[in-house]
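Here the protein sequences line up with chains A, B and C, keeping their order.
No gaps in the numbering here: position 94 of the first sequence is 94 in UniProt numbering, and each next residue is one more.
No gaps in the numbering here: position 123 of the second sequence is 123 in UniProt numbering, and each next residue is one more.
No gaps in the numbering here: position 14 of the third sequence is 14 in UniProt numbering, and each next residue is one more.
No lab work stands behind these hints, which were simulated from the structure alone.
Please note that the accuracy of each hint is not assured.
[Claimed, not checked] Short, incomplete list of chain C residues facing chain A, as computed with Cβ under 7 Å: (1) Arg56; (2) Leu63; (3) Gly67; (4) Ala68; (5) Leu134; (6) Ile167.
Note that CB positions come from ideal geometry on N, CA and C, so glycine has one too.
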Amino acid sequence: MPTDTKRVRGPEVSQSPSLFDCRPSVVPPSHGARADGRQRDQVDVRPVFVRCGLVSQAKGSAYIEAGDTKLLCSVYGPRETERKDETDMKCGRLTTDMRFAPFSCPERGSWIQGSQDKNFSLMLQESLQPALCLHKYPRSQIEVNVMVLENSGSVQAHAITCASLALADAGIEMYDLVLGCSIRQDGSSYVVDPTYSEESNWSSSEHQGGLTVAFLPSLNQVSGLQSDGEMAEETLTAGIRTCIEGCYKLYPVIQQALVKAVRRAQPPPPES
Amino acid sequence: MATVKVSEAEKVYILHGIRDDLRVDGRSCEDYRHMEVETDVVSNTDGSARVSLGHTAVLVGIKAEIGKPRPLVPDEGYLEFFVDCSANATPEFEGRGGEELGIELSNTLYRVFNNKNSIDLKGLCISAGEHCWVLYVDVLLLQCDGNLYDAISVAIKAALFNTKIPRVHMSSDDEGGKEVELSDDPFDCVRLSVENVPCIVTLCKVGHRHVVDATLQEKACSVASLIIAVTHRGTVTCVKKVGGGSLDPESIFEMTEAGKRVGKALHAPLMKLLQQEESLGKKREKVGFLG
Amino acid sequence: MSPTRLCVPGDKLCSVEDCILGTGVYLRHGYIYSSLAGYVLKKNEGEQLPVISVVRETEVQLLPDVGAIVTCKVTSINSRFAKVHILYVGSTPLKDLFRGTIRKEDVRATEKDKVEMHRSFRPGDIVLAKVISLGDVQSNYLLTTAENELGVVVAHSDAARAQMVPISWCEMQCPQTHTKEFRKVARVQPEYLEA
Numbered sequence: 001m002p003t004d005t006k007r008v009r010g011p012e013v014s015q016s017p018s019l020f021d022c023r024p025s026v027v028p029p030s031h032g033a034r035a036d037g038r039q040r041d042q043v044d045v046r047p048v049f050v051r052c053g054l055v056s057q058a059k060g061s062a063y064i065e066a067g068d069t070k071l072l073c074s075v076y077g078p079r080e081t082e083r084k085d086e087t088d089m090k091c092g093r094l095t096t097d098m099r100f101a102p103f104s105c106p107e108r109g110s111w112i113q114g115s116q117d118k119n120f121s122l123m124l125q126e127s128l129q130p131a132l133c134l135h136k137y138p139r140s141q142i143e144v145n146v147m148v149l150e151n152s153g154s155v156q157a158h159a160i161t162c163a164s165l166a167l168a169d170a171g172i173e174m175y176d177l178v179l180g181c182s183i184r185q186d187g188s189s190y191v192v193d194p195t196y197s198e199e200s201n202w203s204s205s206e207h208q209g210g211l212t213v214a215f216l217p218s219l220n221q222v223s224g225l226q227s228d229g230e231m232a233e234e235t236l237t238a239g240i241r242t243c244i245e246g247c248y249k250l251y252p253v254i255q256q257a258l259v260k261a262v263r264r265a266q267p268p269p270p271e272s
Numbered sequence: 001m002a003t004v005k006v007s008e009a010e011k012v013y014i015l016h017g018i019r020d021d022l023r024v025d026g027r028s029c030e031d032y033r034h035m036e037v038e039t040d041v042v043s044n045t046d047g048s049a050r051v052s053l054g055h056t057a058v059l060v061g062i063k064a065e066i067g068k069p070r071p072l073v074p075d076e077g078y079l080e081f082f083v084d085c086s087a088n089a090t091p092e093f094e095g096r097g098g099e100e101l102g103i104e105l106s107n108t109l110y111r112v113f114n115n116k117n118s119i120d121l122k123g124l125c126i127s128a129g130e131h132c133w134v135l136y137v138d139v140l141l142l143q144c145d146g147n148l149y150d151a152i153s154v155a156i157k158a159a160l161f162n163t164k165i166p167r168v169h170m171s172s173d174d175e176g177g178k179e180v181e182l183s184d185d186p187f188d189c190v191r192l193s194v195e196n197v198p199c200i201v202t203l204c205k206v207g208h209r210h211v212v213d214a215t216l217q218e219k220a221c222s223v224a225s226l227i228i229a230v231t232h233r234g235t236v237t238c239v240k241k242v243g244g245g246s247l248d249p250e251s252i253f254e255m256t257e258a259g260k261r262v263g264k265a266l267h268a269p270l271m272k273l274l275q276q277e278e279s280l281g282k283k284r285e286k287v288g289f290l291g
Numbered sequence: 001m002s003p004t005r006l007c008v009p010g011d012k013l014c015s016v017e018d019c020i021l022g023t024g025v026y027l028r029h030g031y032i033y034s035s036l037a038g039y040v041l042k043k044n045e046g047e048q049l050p051v052i053s054v055v056r057e058t059e060v061q062l063l064p065d066v067g068a069i070v071t072c073k074v075t076s077i078n079s080r081f082a083k084v085h086i087l088y089v090g091s092t093p094l095k096d097l098f099r100g101t102i103r104k105e106d107v108r109a110t111e112k113d114k115v116e117m118h119r120s121f122r123p124g125d126i127v128l129a130k131v132i133s134l135g136d137v138q139s140n141y142l143l144t145t146a147e148n149e150l151g152v153v154v155a156h157s158d159a160a161r162a163q164m165v166p167i168s169w170c171e172m173q174c175p176q177t178h179t180k181e182f183r184k185v186a187r188v189q190p191e192y193l194e195a
């Protein structure tokens, strides 16, 4: 267990007061409309707000907001690679770092990157890498940093979308944008783009699980796939299709945000 | 991870072979290499197993300790996974070299077991909110020759089957205080039901086809693989894409289907083998690590 | 709506039969796709097919490539090589720090065995060099100055810290103290002057 010596820490063991709450936690209903009025069993993603170029120091950056999930991503590089022991010097290297602000979840997190965060970072890296033209950046590395400001579910999916937007904003050559979408399977029904409470409060039915897909819309390729819980194989396949559909719903929004960012940065060049 | 360098000519050879459903070592695309399973190999553990798959060797030791239940689920025990990539397997793992891979593997194991059916966690609770069994599942990689996930999952299943947790009961004294009492009889143990413990199947996409149980050479020819954790009933507890490439949706659907088929077929012989070994008891000839 | 088209990575622009690939685009299955977010530019050059490229406001991040002329600053020297920081590739400034090495053998084209590093470069000199290799795992970019047009372009004298003037291909003179110092001097070509 690594300890953080730079900050004043609380007691060794402390718990959120919400645990001592005697009222039964609100289990989201497993049928009917969802808490935020969206439809169940339909590709009903939360409306997203995206904006590029918020971090002035970074090569590229993006901010995404979906419901209460808020993420910030910045891209630095290509710069000289730090690790020289990597075998392949002809290709660039993509490094990702995804962190949760300690106040981003209902329970306070730690400033130190836990193994869960590393897991998120790894999936982010594996999802983005197929979309990048890394062979154009020999000997150099591109750094992607994602900070989760507020976690209200589907963080991994939105982090992927946000990071690909920031990479495009940085002018890194890419084959395609990468879009992320999550679903939560609950028995025979599913919810798309689940919120934090939909993710964590399970009703006690048999087959349930979460699924996150990263998708390259123009190339029609899945670059990231991760699930947990227990699902039948058919449900899983259907879930992947649903996620891909969800990604297509996001696509025009992301395209527009990027076009807007380009237009704002520079007037169109003279026709030649 | 330990990797090998493969030349272009070798790649073409491997690719063409796989296209014709004949792999370099004579297997077809959905065949496993020779697998050996041996349980009860380390005496200091509550359950242990050694699995070798081709030249991949994995040792799993399980220790049960009494801990405090997690506040969010006071009536359940829990499992802790730790994967150690020892420098024995490859010099790359020396020092902190194996750390990244170890974290990746153990995180995947948490995901695979993150459901209510794999292990009866409620059965691991001793007294709600106060005491529960914590199973420390320690995985040691002794040799790496590809397909770590599958070997680890089989070893974990075998080790969990082998695990004997001492029976305890709660006694309360006059003042209402509770105490945990261990049974006097050392053979008085609880066994775990491992029926629903999933096995992981890794499918490597090579060319336009996918192979099960890829060797390092085959892995070097593939851009991405899919790991699928399948239970004996064919339900999937985890899927994950690993590697730097991407897959088209249709091949993912094909791969999950193949994974389910292969995974389901893996469970029955494994359980049969474990029960057979168990029934031999003390008469069993121990193979150990040199076998 | 502006007449020039905007695109994002992954947008299909046209068939490969209609255009020639420029920058910021890639080819897949006979079609040209964009690999950048920016404006689509079609340039007609003579009777050939127009060149299609995607441009952004900022210059696409250039990386030192084999054969590129770079401007660098010497940071340290020893008897075998000089270490430099690469500042410009062509006329494009680099945002991040890239390190390079000029080995003794690569200082000049003739009489390589007689080269003495301290008579060729000094820390602080601005040098024009050419990238000969991206280097391997241990080394940085390898550079050479073994051409008449390559070598020291700006150097300051030891005594007065004044900018020296070249007097021959191997000497520079301080305008204040008139002391001569040895350098591997570049004969600066007019086309490099703007760099």
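Structure-based check of each hint:
At about 5 Å, the closest approach between the beta carbon of Arg56 of chain C and any beta carbon in chain A falls short of 7 Å, and the interface hint on this residue holds. At a threshold of 7 Å, the smallest CB-CB gap from Leu63 of chain C to chain A is about 6 Å, leaving the interface hint in force. Violation of the interface hint for Gly67 of chain C is found here, the shortest Cβ-Cβ separation to chain A being roughly 13 Å, above the 7 Å cut-off. Evaluation of the Ala68 of chain C hint against chain A yields a violated restraint, the C-beta minimum of about 12 Å exceeding 7 Å.
Using the Cβ-Cβ criterion of 7 Å, the hint placing Leu134 of chain C at the interface with chain A is satisfied: the shortest such distance is roughly 5 Å. For Ile167 of chain C, the suggested interface contact is broken, since its CB lies about 36 Å from the closest CB of chain A, more than 7 Å.
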